[in-house]
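Taken in sequence, the protein lines are chains A and B. At position 177 of the first sequence (counting the first as 1) the number is 177 in the UniProt record's numbering, and the numbers step up by one without a gap. At position 87 of the second sequence (counting the first as 1) the number is 87 in the UniProt record's numbering, and the numbers step up by one without a gap.
Hints may contain errors.
[Unchecked claim] Quick list of simulated restraints, FRET-style, between CB atoms:
1. Asp90/B with Leu47/A: 51 to 57 Å
2. Pro92/A with Ala181/B: 26 to 32 Å
3. Val31/A with Gln275/B: 30 to 36 Å
4. Asp16/B with Pro92/A: 31 to 37 Å
5. Val68/B with Thr57/A: 25 to 31 Å
[As the list claims (entries may be wrong)] Which bits of chain A does chain B cover? Going by a derived footprint, with three or more residues having C-beta under 8 Å, they are:
6. 86-93
7. 115-123
8. 136-147
9. 232-242
Worth flagging that the hints you see were computed from the coordinates, not collected in a lab. Quick caveat: nothing in here was measured; it's all calculated off a predicted structure. No residue lacks a Cβ here, since even glycine has one placed at the ideal position from N, Cα and C.
Protein chains: 2
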Amino acid sequence: MQQSGSPHRPDAGDADGLTVGQASARLGVTVRALHHWDEIGLARPSLRTAAGYRLYTAGDLERLHRIVVYREVGLGLDRIRAVLDDSTADVPGALRAQRAQVAERIERLRQLSDGLDRMIDAHERGLLLTVEQQAAIFGPQWDPDWAAQARQRYGDTAQWRQYAERSASRGPEEWQAITDAVAGFDGALGDAMDAGVTPGSPEANQLVERHREVFASYFPLTRQMQVCLGRMFEADPGFAAHYDGIRTGLATWFRQIVDASARAHGIDPDTATWQ
Amino acid sequence: MQQSGSPHRPDAGDADGLTVGQASARLGVTVRALHHWDEIGLARPSLRTAAGYRLYTAGDLERLHRIVVYREVGLGLDRIRAVLDDSTADVPGALRAQRAQVAERIERLRQLSDGLDRMIDAHERGLLLTVEQQAAIFGPQWDPDWAAQARQRYGDTAQWRQYAERSASRGPEEWQAITDAVAGFDGALGDAMDAGVTPGSPEANQLVERHREVFASYFPLTRQMQVCLGRMFEADPGFAAHYDGIRTGLATWFRQIVDASARAHGIDPDTATWQ
DNA sequence: GCTTGACCCTCACGGTGCGTGAGGCAGGAG
DNA sequence: CTCCTGCCTCACGCACCGTGAGGGTCAAGC
Chain A
1 MQQSGSPHRP DAGDADGLTV GQASARLGVT VRALHHWDEI GLARPSLRTA
51 AGYRLYTAGD LERLHRIVVY REVGLGLDRI RAVLDDSTAD VPGALRAQRA
101 QVAERIERLR QLSDGLDRMI DAHERGLLLT VEQQAAIFGP QWDPDWAAQA
151 RQRYGDTAQW RQYAERSASR GPEEWQAITD AVAGFDGALG DAMDAGVTPG
201 SPEANQLVER HREVFASYFP LTRQMQVCLG RMFEADPGFA AHYDGIRTGL
251 ATWFRQIVDA SARAHGIDPD TATWQ
Chain B
1 MQQSGSPHRP DAGDADGLTV GQASARLGVT VRALHHWDEI GLARPSLRTA
51 AGYRLYTAGD LERLHRIVVY REVGLGLDRI RAVLDDSTAD VPGALRAQRA
101 QVAERIERLR QLSDGLDRMI DAHERGLLLT VEQQAAIFGP QWDPDWAAQA
151 RQRYGDTAQW RQYAERSASR GPEEWQAITD AVAGFDGALG DAMDAGVTPG
201 SPEANQLVER HREVFASYFP LTRQMQVCLG RMFEADPGFA AHYDGIRTGL
251 ATWFRQIVDA SARAHGIDPD TATWQ
């Protein structure tokens with residue numbers, strides 16, 4: 001904090017000039033800024049004391065004040081210099097250019113704010129679609145409450161974060177593509193079970209790989225995580241109902257082909273953890 | 001411009017990883033950014049070739065992609081690092097904080113834009129008051145067209161610029177104070193002429209000084225400029241009518257006291273120029 | 001094997017407008 | 001003579017890379 005006006009030097013009326021501290025107090029800028037403007041030659045004091053103190057005369061203060069005014073509307077020091085020193089400078093033109101730049105920056109920031117809104121929504125709700133869109137994409141038996149429940153359960157996991165980040169950049173068409181892929185996979189799964197594909201067979205392992213690829217739309221799935229998922233699908237009533245609705249026993253069969261594939265990759269499915 | 005995919009290295013499917021150029025093309029960021037993120041440890045490639053080439057694996061790309069997403073909403077690299085590395089980080093909280101910051105910056109830019117509007121108006125119109133305000137402040141015989149005429153005449157001079165800059169930061173009350181000062185000065189001028197004050201007398205010289213001070217509200221006035229002004233007030237029909245309306249012959253008398261004061265300061269009023 | 005061209009590497013400066021010390025005079029008060 | 005405040009001059013730091021400089025690497029074509 002600058003003390004404006006020491007008892008022995010009343011700072012006002014000293015005809016020879018003001019020191020940096022006095023000038024800074026009067027102009028509402030920092031001493032460092034005055035030093036800087038002096039360094040770059042934008043506003044140098046006309047006088048110095050014998051000891052080297054800067055002394056700003058009335059004319060200097062005049063110029064400083066103009067600098068402050070233009071700085072307040074966001075002009076860069078270079079342009080201020082041009083405006084002050086070049087008597088042919090097009091001041092209104094420079095101001096208008098600046099205003100255009102500012103408008104542009106505002107627009108960018110607004111888009112950025114929109115993006116942030118989407119990200120926040122994605123993290124908090126998990127799905128950015130309207131209820132109608134959700135019904136159209138996920139089918140009529142879709143429960144719009146699913147995302148909220150999922151957030152309740154998984155909101156603090158790294159996987160939820162990745163899911164949320166991706167959701168933020170997905171529109172309805174992309175969701176449609178994903179559900180199509182999932183539906184296609186579910187169908188293939190049921191067909192394979194019907195066809196008598198056995199766990200551990202190349203066909204079954206290929207399906208397991210396909211599942212990981214499809215699932216990667218939500219977040220990357222390690223084999224270990226896939227094992228856990230397979231067991232959850234079998235154990236969780238909701239998920240089990242979904243798979244058993246496709247073919248009776250499909251949830252269990254899926255768990256079996258995942259386990260077999262994991263074993264083939266050196267993972268013990270009975271000790272696999274979510275990582 | 002990066003060529004994505006040279007004929008001999010199809011850039012897709014190389015299981016061991018992508019080079020910087022390939023990764024940059026895929027992510028839409030520059031190679032330099034990848035280098036930078038590596039330097040600061042935000043995203044380092046898991047692999048290097050024997051020659052030292054960076055190789056980004058699928059997992060690396062995963063992380064890079066998350067970085068890009070968060071960078072697009074304006075998060076700083078430090079905060080991105082926190083969001084990615086600190087599993088206890090409050091992501092929605094960070095996003096909301098960012099949104100608040102963005103809103104703040106938008107607000108500042110809006111005010112800045114308003115300031116620019118005022119400045120532009122000041123440079124182009126000279127007066128920022130409504131016609132009613134002008135009438136209230138300058139009196140009923142004020143011609144609202146004065147500012148436009150003045151800009152026609154003086155718009156390209158340094159003095160007009162200073163006038164415009166100051167106008168931009170003046171409200172109605174300040175204009176009122178200025179017109180009050182001017183009116184007070186005009187009255188004192190008439191009284192002095194009535195009282196028989198003679199050009200060159202201390203009283204007359206004091207009035208000349210007071211005129212310079214009062215006039216400084218518009219722009220700083222040198223003594224030379226004041227001489228020119230005195231002659232213009234006498235010669236210009238509009239200005240002459242104003243002063244002679246106060247006291248007959250006041251325009252001429254004012255020119256005389258200015259001339260005398262100038263002579264006392266070593267200026268020849270007959271060769272004085274506007275500088 | 002040599003050239004060519006496209007990539008890749010590691011420094012390292014620069015830009016914007018000062019903030020923030022560090023170390024040391026200058027000048028008045030007690 | 002000491003103390004305190006204000007002033008001085010360096011000089012680094014910041015956020016995020018852009019932009020060379022100077023020099024290897026890799027695959028292809030001759």
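Going through the hints against the structure:
Distance hint check: the CB atoms of Asp90/B and Leu47/A are about 56 Å apart, consistent with the given range 51 to 57 Å. A beta carbon spacing of about 29 Å between Pro92/A and Ala181/B agrees with the range 26 to 32 Å that was offered as a hint. About 33 Å separates the C-beta atoms of Val31/A and Gln275/B, a value consistent with the hinted range of 30 to 36 Å. Distance hint for Asp16/B and Pro92/A: a CB-CB separation of about 60 Å, inconsistent with the stated range 31 to 37 Å.
The hinted window of 25 to 31 Å between Val68/B and Thr57/A is violated, with their beta carbons roughly 54 Å apart. Beta-carbon proximity to chain B at under 8 Å applies to 3 residues in the stretch 86-93 of chain A; the threshold of 3 is reached and the given coverage holds. Requiring three or more residues with a Cβ within less than 8 Å of a Cβ of chain B, the coverage given for the stretch 115-123 of chain A holds, as 6 such residues are present. Counting residues of the stretch 136-147 of chain A whose beta carbon lies closer than 8 Å to any beta carbon of chain B gives 0, which falls below the threshold of three, so the coverage claim is violated.
Coverage of the stretch 232-242 of chain A by chain B is violated in this model, with 0 residues showing a Cβ closer than 8 Å to a Cβ of that chain against a need of three.
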